[in-house]
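Novice: Read off the chains here:
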Amino acid sequence: MDTNLFRYVWRHSRREQLVVLSLILLSLPFYFASLDVPKTIVNEALQGRAFAEGNNTAVLFRMELNLPTWSGGGSVELFPGLELERLPFLLTLCGLFLTLVLINGAFKFVINTRKGILGEKLLRQLRYDLFALLLRFRPEDIRAVKPAEAASVIKDEVEPIGDFAGDAFIQPFFLGTQALTALTFIMVQNAGLGAIALAVVLVQAVLIPRLRRRLITLGVERQIESRRLAGRIGAVVEAAPAIHTHGAAAYNRAGVNNLLARLLAIRIGLFKRKFAVKYLNNLLAQITPFFFYSFGGYLALRGHLDLGQLLAVIVAYRDLPPPIKELIDWDQQRTDITVKYQQVASVFATDGLLPHVDGERLPEPPPHDAPIVIDGLQVADRAGNRLLERFSAMLPRPGSIALVGPAGSGREALARALGRQITDYQGEIRVGEVNLAELPNEVLSRVVNYAGPEPGLLPGSIRENVTLGVRHVVPPRAIAGDAQSFRPDLDQLWLDYGAAGASSAEELDDLMVRALRATGMLDDIYKFGLLGRLPPSTDPRLVERLVEARHSVRAELGRRDLLRLVEPFDLERYNLNATIAENLLFGVPLHKELSGVGLVNDPYLRSVLAAEELNLALAGVGVRIAETALEMVAGMSAGHALFERYSFIAPQEMEDLRHALDNVKGRDGAQRFDRESEIKFIGLAFRYIEARHRFNLVDPRLMGRIVRARHRFHDGLPKNYASRIEFYDPERFVLSAPIRDNLLFGKTVFGLPNTEQMLWEVMRKLLGEIGLEQAIYRLGLDYDVGPSGKLISAQQRAAISIARSLIKRPQMLILDGALAAFNPGEAREVLNNIRTWMAGRTLMVSLSDIAEAKDFDCVIRFEGACAALASQPAEAA
Amino acid sequence: MALNVEATTLQQIPMFSGIDVGKLKLLAFAGQRIACNHGEIIFRQGEAADAVYIVLEGEVDIFRERSDGRVRVARLGRGQLIGEIGVLCDTTRTATVEAATELQVLRIEKAVFLDFVHELPQLAMSIIRELGRRLDLMNEQLARAGAPPN
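Protein sequence lines correspond, in order, to chains G and W. FYI, in the working numbering the residues of the first sequence are 1 to 877. FYI, in the working numbering the residues of the second sequence are 1 to 150.
It is worth saying that the hints were derived from the structure and are not from the lab. If you're wondering where the values come from, they're calculated on a predicted model, not measured in any experiment. For glycine and all other residues, C-beta sits at the position ideal for the given N, C-alpha and C. Treat the hints with caution; some may be incorrect.
[Unchecked claim] Not the full set, but computed from the structure, chain G residues with beta-carbon under 7 Å of chain W:
#1 Ser637
#2 Ala641
#3 Asp699
#4 His714
#5 Pro718
#6 Tyr721
#7 Arg724
#8 Phe727
#9 Gly751
#10 Ser793
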């Protein structure tokens, strides 16, 4: 990053800047002409100088080229001009003036648009550069960056810089040349008047910024004093009991009064100065014409100046102060933005950055059997504490290496240094001839891949997270095209099937499933898959088989005496394990417009609710849900993990609901709903499942009324709704419902032990029999993990993170605390699977128990920061 | 409301007594109420500890499995917390728990329970205090058992 904003702007937009600057230069003659034409109108047309000596016509636009004296003098006529009578003469000049006004306007329009686009492009560039820079931070440095701060810098703080970047060169040039043109014009008319205008402009340019500077300091003082006042009020409220106890209220009032008085003085100062600046500005703008009228008038009377000139000077002067004022603004903005830019640049300033690669010329990775040579490796933390004492070893590959030692010992430092989680070390790590530190991440990650205790998941599906492992190669098509434009096919484009050893999306999916099986997540993927929905493009024969499977599932459940685990869909009965909305529709909406808020707003459903008088009852249910939900999260901030994960309401809904609740409840305790709040609370009630949420809000009477409303809804269903809702039907598959609900043709009963497990076993057996297993796994990969993987468990997060490394097929995989989320038995099993997966390649694992390391080729033991090779690998036969 | 009853029951457990009722409702809400028949096994000794249970209604028997059969070591009733040691210490179940009557329990998954411990410092403090209290009790019992008879 350039430390100088102007240099940065110029470097990234030179061409476009030059285009706009040329446009400005091009516009100046037209601007000058637009000042000059009125003079001609007054002098020639109105005062009739052109028609002096009794001529009825005059010549307009005659163009002559005066020849230089050395060539003999004289002139050549280029255009004979138009001979016009007085009125056409005037109108033609007016037409010319109008044309010039239009041309000037067009110039302004083009210049401003280009300037705006330029600013936006620079903003984009700046954000992109900062983000790219962030990704090149060394691991040690990026850990010191606060995520929210980095995000706010890139998103918010650079915004005004971008706005200003468009103005950086263009604005002063544009305004400056315009002011200069106007001034020159005045000078040309009369040097004396020009001197007056220049003097006034100088006063404006010097005096006003000075006055403004004081305004800024006063503004800062006001801010500090206001903050102090707020702090004082807060402190007094907190200490109120003590103040009462000591009868010191009057004293504290006086204290606050003092602060208020000081604030008032500052604010009055601000006002005085603000209006003084305004007064001066106006005065200068208006007093100058006084000089023009008096002094210019005097000159006109004396015949040194004609009336047209005087008028033109006054018009030109009117154009002068605004550019000067804007120039002063620009200068003020420049100071402000330069500071902001320096602040942003300083946030992103760091000593060392990882090597930058442009993606086209990646160095070749070393051969997969080249040994790892650790040469005098020594690691210390920032405070200088030794994490790893000087250590040298040669580790042949392929093989398995165990780093054994207590947590916090050198085993972590070694694993992290090898996996480039630490770059600040002494000594050298080589793989064959290649120094590890010199490899860019894109190559290193395929040679040595590190899986640590922090899974680092991105929001998105499991598939997106696992395939992150094979998105290291910049695809040639991405480079070939316009690298800056939007790519709708980004995800596909960057998928490198070859890196995973797959040739198609299906093969990659299967590979991911295999990797997730190795990390012990297969069952979970299956469960997620059953919660998924079949894509509409699914083979109809397959769908038919699923409907048949529904009957077999039912039969199997009967055989195993498990029918009580499912509450079947029954048109005549309320389903306690389904939401109120599902109970009303007895089906699933196909389109977004009939789900969530859309459903509550739907006029037909509302008419049904109104006919059954269910509006108030359901809104009342919503109110009680809101009250309980708000009680549950009372005192928690919106970002609180428990709030985000477990609450009935989303954090962003909270304020809104609290507001709505206040509005609904009258002083007398009765509830009054306006249309908006009714919709809000019915929407809340629609999501409620009695058996799951257990607020005791649905009693048999309400159930009966909802089933009645369901029948009314079905009986009177308008034709166009048929294609918008899929109704539950024992003989039809409901594509928009989860596969699980379809197979069970009902809802899983909440509140019985091991329900899910037993049902899954039945469904899995039958789906396996009709060959649908793989399809379900693929659907499972679509499951959304939430921000940082918050929607799944710690163990699932770890499993995804390791699977991500596995499909990448690195030459060497380092597991450093990656299995911490698993219980010991599971961890052992997963480790065995990984060893099988990595057969023929190299696996390094950090362990705390030497007993677990017994069948590793090579063991390095750690005591504190000291390491020793405990067992040399067996010599290759 | 069922959730209210659950929260009230939670409040009676010493470990949760310092937590405000709203958060206990959230805990109950994040958990699952489960009904078991008499004789149904809640969990078996040696299984992975995947959840804690709170007895809402009815009673449970705690058995120690031994090579020569099983021995009932305790019967616990309403308001008792079961299985927290395995969840907190990441060990397998140290006993088998069976419904001694018709039973209603609140099941809170390990991850959920640990999330709450993680996010609510008061809860973590109460747990430390409760475990300390039990240790103290055990020490006292040991001392009494080892003390020479008067």
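Novice: Give a verdict on every hint.
Specialist: Right, here's what the structure says about each hint:
A least Cβ separation of about 11 Å between serine 637(G) and chain W goes past the 7 Å threshold, and the interface hint is therefore violated. Nearest Cβ of chain W to the Cβ of alanine 641(G): about 5 Å, under the 7 Å cut. The hint holds. Look at aspartate 699(G): its Cβ only gets to about 12 Å from chain W, farther than 7 Å, so that hint breaks. About 31 Å separates the beta-carbon of histidine 714(G) from the nearest beta-carbon of chain W, more than 7 Å, and the hint is not met.
Given hint, proline 718(G) at the interface with chain W, is violated; its Cβ is 38 Å from that chain's nearest Cβ, farther than 7 Å. Checking tyrosine 721(G) against chain W: minimum C-beta separation of about 34 Å lies over 7 Å; hint violated. The criterion of a C-beta within 7 Å of any C-beta in chain W is not met by arginine 724(G), whose closest approach is roughly 33 Å, and the hint is violated. Among the interface hints, the one on phenylalanine 727(G) is violated; its C-beta lies about 30 Å from the nearest C-beta in chain W, farther than the 7 Å criterion.
For glycine 751(G), the interface hint holds, the least distance from its beta-carbon to any beta-carbon of chain W being 5 Å, beneath 7 Å. The restraint placing serine 793(G) at the interface with chain W holds, with a minimum CB-CB distance near 5 Å, inside the 7 Å limit.
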